[in-house]
Every structure is written in C-alpha cells, then in structure tokens.
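Line by line, the protein sequences give chains A and B.
Take any residue in the first sequence, count from 1 to its spot, add 8: that is its number in the numbering used here.
Take any residue in the second sequence, count from 1 to its spot, add 8: that is its number in the numbering used here.
By construction, these hints were calculated from the structure, which means they are not laboratory data.
Computed from a predicted structure; not experimentally measured.
Take these hints with a grain of salt, some might be off.
Pairs involving identical chains hold if they fit within one copy or between any two copies, as the list cannot separate such chains.
[As the list claims (entries may be wrong)] EDC-like, lysine to aspartate or glutamate: derived pairs with alpha carbons at most 16 Å apart: (1) 76 x 128; (2) 76 x 55; (3) 76 x 140; (4) 76 x 13; (5) 76 x 49; (6) 76 x 11; (7) 76 x 111; (8) 76 x 109; (9) 76 x 21; (10) 76 x 58; (11) 76 x 110; (12) 76 x 15; (13) 76 x 129; (14) 76 x 38; (15) 76 x 122.
2 protein chains.
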Amino acid sequence: MADFELDPRLARDTWHLGHVAGCQLLLMNDARYPWLILVPEIAGVTELYELSRDTFTQVTQAIADISKSLQSMTGASKMNIAALGNQVPMLHIHIIARNSDDDAWPGPVWGHGDPVPYSDDARQTLLAALQETLLSD
Amino acid sequence: MADFELDPRLARDTWHLGHVAGCQLLLMNDARYPWLILVPEIAGVTELYELSRDTFTQVTQAIADISKSLQSMTGASKMNIAALGNQVPMLHIHIIARNSDDDAWPGPVWGHGDPVPYSDDARQTLLAALQETLLSD
Chain A
9 MADFELDPRL ARDTWHLGHV AGCQLLLMND ARYPWLILVP EIAGVTELYE
59 LSRDTFTQVT QAIADISKSL QSMTGASKMN IAALGNQVPM LHIHIIARNS
109 DDDAWPGPVW GHGDPVPYSD DARQTLLAAL QETLLSD
Chain B
9 MADFELDPRL ARDTWHLGHV AGCQLLLMND ARYPWLILVP EIAGVTELYE
59 LSRDTFTQVT QAIADISKSL QSMTGASKMN IAALGNQVPM LHIHIIARNS
109 DDDAWPGPVW GHGDPVPYSD DARQTLLAAL QETLLSD
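Build the full structure now, drawing on both the sequences and the hints.
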C-alpha cells in the first residue's frame with residue numbers, strides 16, 4: 009500500500025493539532041466555528057466501513073472522546089459529526105461545535121459563506137488550548 | 009427514563025423500514041437520494057458520545073454495515089454519514105448514498121431544495137429491496 013500523505017486541500021485549509029488513535033487531528037482555519045477534522049493515516053481509504061474492525065473501533069471511540077471534550081470546552085449547543093468526502097474523497101471526519109447563534113445555524117456549515125481565517129494570536133491560543141484539552145494524556 | 013418515542017418530524021418525513029442494533033431504521037421520503045436514518049431507541053440522547061460503550065459499538069457497527077450494503081446496492085459514488093441534530097436534537101444518524109450526478113452534488117443534501125416524495129409504487133419497491141438487503145438476516 010502507498011504511504012499516507014495528507015490530501016493537499018485538507019493540508020491547505022487546516023492547522024495540524026497532533027495525532028490521536030492513528031489519525032491526524034486538524035483544526036479547520038475558520039474562526040466561525042470550533043471545527044476539527046480527524047484523518048486516519050491510511051492511504052486509499054474513502055469510507056468508514058473500509059477500516060479494519062480494530063481501527064474502526066479506535067477511530068469511532070476517538071470521535072466520541074473528542075466531540076465530548078470539545079463540547080465541554082466550548083459549551084456548544086450541539087456537536088455535528090460527519091464523514092462526507094464528496095469533494096475530498098480521503099476519509100476524514102468533521103467534528104464541529106455548533107452554537108445556536110453561529111453563522112450557519114441551524115443549517116450545516118459546509119458550503120455556507122466563506123471561511124473566516126483565524127488571526128495568528130487567536131489561532132495560537134486556540135491550538136494550545138485544544139492540545140491541552142484533547143491530547144494531554 | 010421516559011419511554012422512547014420517535015420525534016414527530018422524523019416520523020413525518022420518513023417511512024419505517026425496520027429495527028437493527030437497537031435502532032429504528034427509516035427511509036427519508038425524498039426520491040432524490042437513497043437516504044436512510046438510524047435512530048437509537050433511547051429517550052433523551054442527543055449526542056453519539058452519550059451512548060453507553062456497548063450501545064455505541066453496536067450503533068457504529070450498524071452504521072458501517074448499512075452504509076457498505078447501501079453503497080453496494082445503489083452503486084453510489086460516495087456515502088455521506090452524519091449526526092447533526094441542529095433542528096431535531098434526538099440522536100439520529102444520516103446514511104446517504106450520493107452520486108456525482110445527484111441534485112446537490114458535491115454539496116451536502118441538507119437544506120438543498122425541496123424533498124421529492126416517492127410515488128407509492130417506487131416507495132413500496134424500494135422499501136422491499138432495502139428490507140431484503142439490509143434486514144434479512
């Protein structure tokens with residue numbers, strides 16, 4: 009199997025947070041929503057069901073753990089979890105903290121307006137807080 | 009804990025297919041996409057991470073099994089899996105077979121245009137095929 013290499017569009021649109029459960033954990037560069045993306049580091053996989061049983065268990069448990077922590081950290085009204093991949097087929101799972109006063113509420117975030125990039129300061133502060141909360145054990 | 013009762017909006021927008029893994033399996037009444045919804049029959053749950061460990065494992069495995077079968081049955085380009093719940097908080101997981109020539113491609117289906125209800129004949133044929141493929145064991 010080919011070596012894993014992060015899809016260039018995901019690389020362009022995100023900041024790297026760290027690794028968890030055999031996945032890259034990324035922060036979407038869109039200050040409108042706390043929006044994480046989990047990418048299993050396995051080349052050629054596009055569907056959740058293609059993961060081996062053990063990897064599937066690891067990845068889905070990581071989705072649950074991260075979404076719980078991110079909701080607790082942000083006080084979000086609702087978590088949005090999704091594996092879509094219509095535009096970037098490489099398997100990646102969105103974990104998005106939604107609030108009832110956010111830009112797209114109650115609609116989905118995808119395709120809604122244009123991303124608002126983080127300022128350098130805001131990004132560095134958020135990345136540090138997310139690493140402390142999500143990746144500290 | 010209160011008895012489980014399907015959210016009235018989910019009940020209104022779907023047809024009941026059957027039961028699997030402690031969930032109701034529903035067919036969205038929108039002929040534009042083969043679109044299933046899995047609803048764990050547990051009152052008061054809105055987030056995936058709130059499921060007990062065993063139920064979480066059962067439900068996520070059902071998501072994988074159903075999405076694999078539905079993609080195989082429909083020849084879909086991509087499966088879309090999502091737990092959103094901004095409008096209907098009751099935990100429900102969308103399993104949608106997407107095609108590169110479908111109405112919303114490559115965008116998400118939510119909020120895209122108006123549903124196209126199935127004709128009675130089309131619905132009955134599809135429900136029978138889905139029950140045979142997804143629920144026959």
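Comparing the hints with the structure gives:
1. 76 x 128: neither (26 Å within a copy, 42 Å between copies)
2. 76 x 55: between (23 Å within a copy, 8 Å between copies)
3. 76 x 140: Answer is within: at 15 Å inside a copy they meet the 16 Å cutoff, but 36 Å across does not.
4. 76 x 13: Neither. Shortest intra-copy (28 Å) and inter-copy (25 Å) distances fail the 16 Å Cα cut-off.
5. 76 x 49: neither (22 Å within a copy, 21 Å between copies)
6. 76 x 11: neither (31 Å within a copy, 25 Å between copies)
7. 76 x 111: neither (22 Å within a copy, 34 Å between copies)
8. 76 x 109: neither (20 Å within a copy, 36 Å between copies)
9. 76 x 21: For residue 76 and residue 21, the Cα distance exceeds 16 Å both inside one copy (24 Å) and across copies (29 Å).
10. 76 x 58: between (25 Å within a copy, 8 Å between copies)
11. 76 x 110: neither (19 Å within a copy, 34 Å between copies)
12. 76 x 15: Answer is neither: 27 Å inside a copy and 23 Å across each miss the 16 Å cutoff.
13. 76 x 129: Result: close neither inside a copy nor across copies, 26 Å intra and 43 Å inter.
14. 76 x 38: Neither, since 20 Å and 32 Å both go past 16 Å.
15. 76 x 122: This pair counts as neither: shortest intra-copy Cα distance 27 Å, inter-copy 33 Å.
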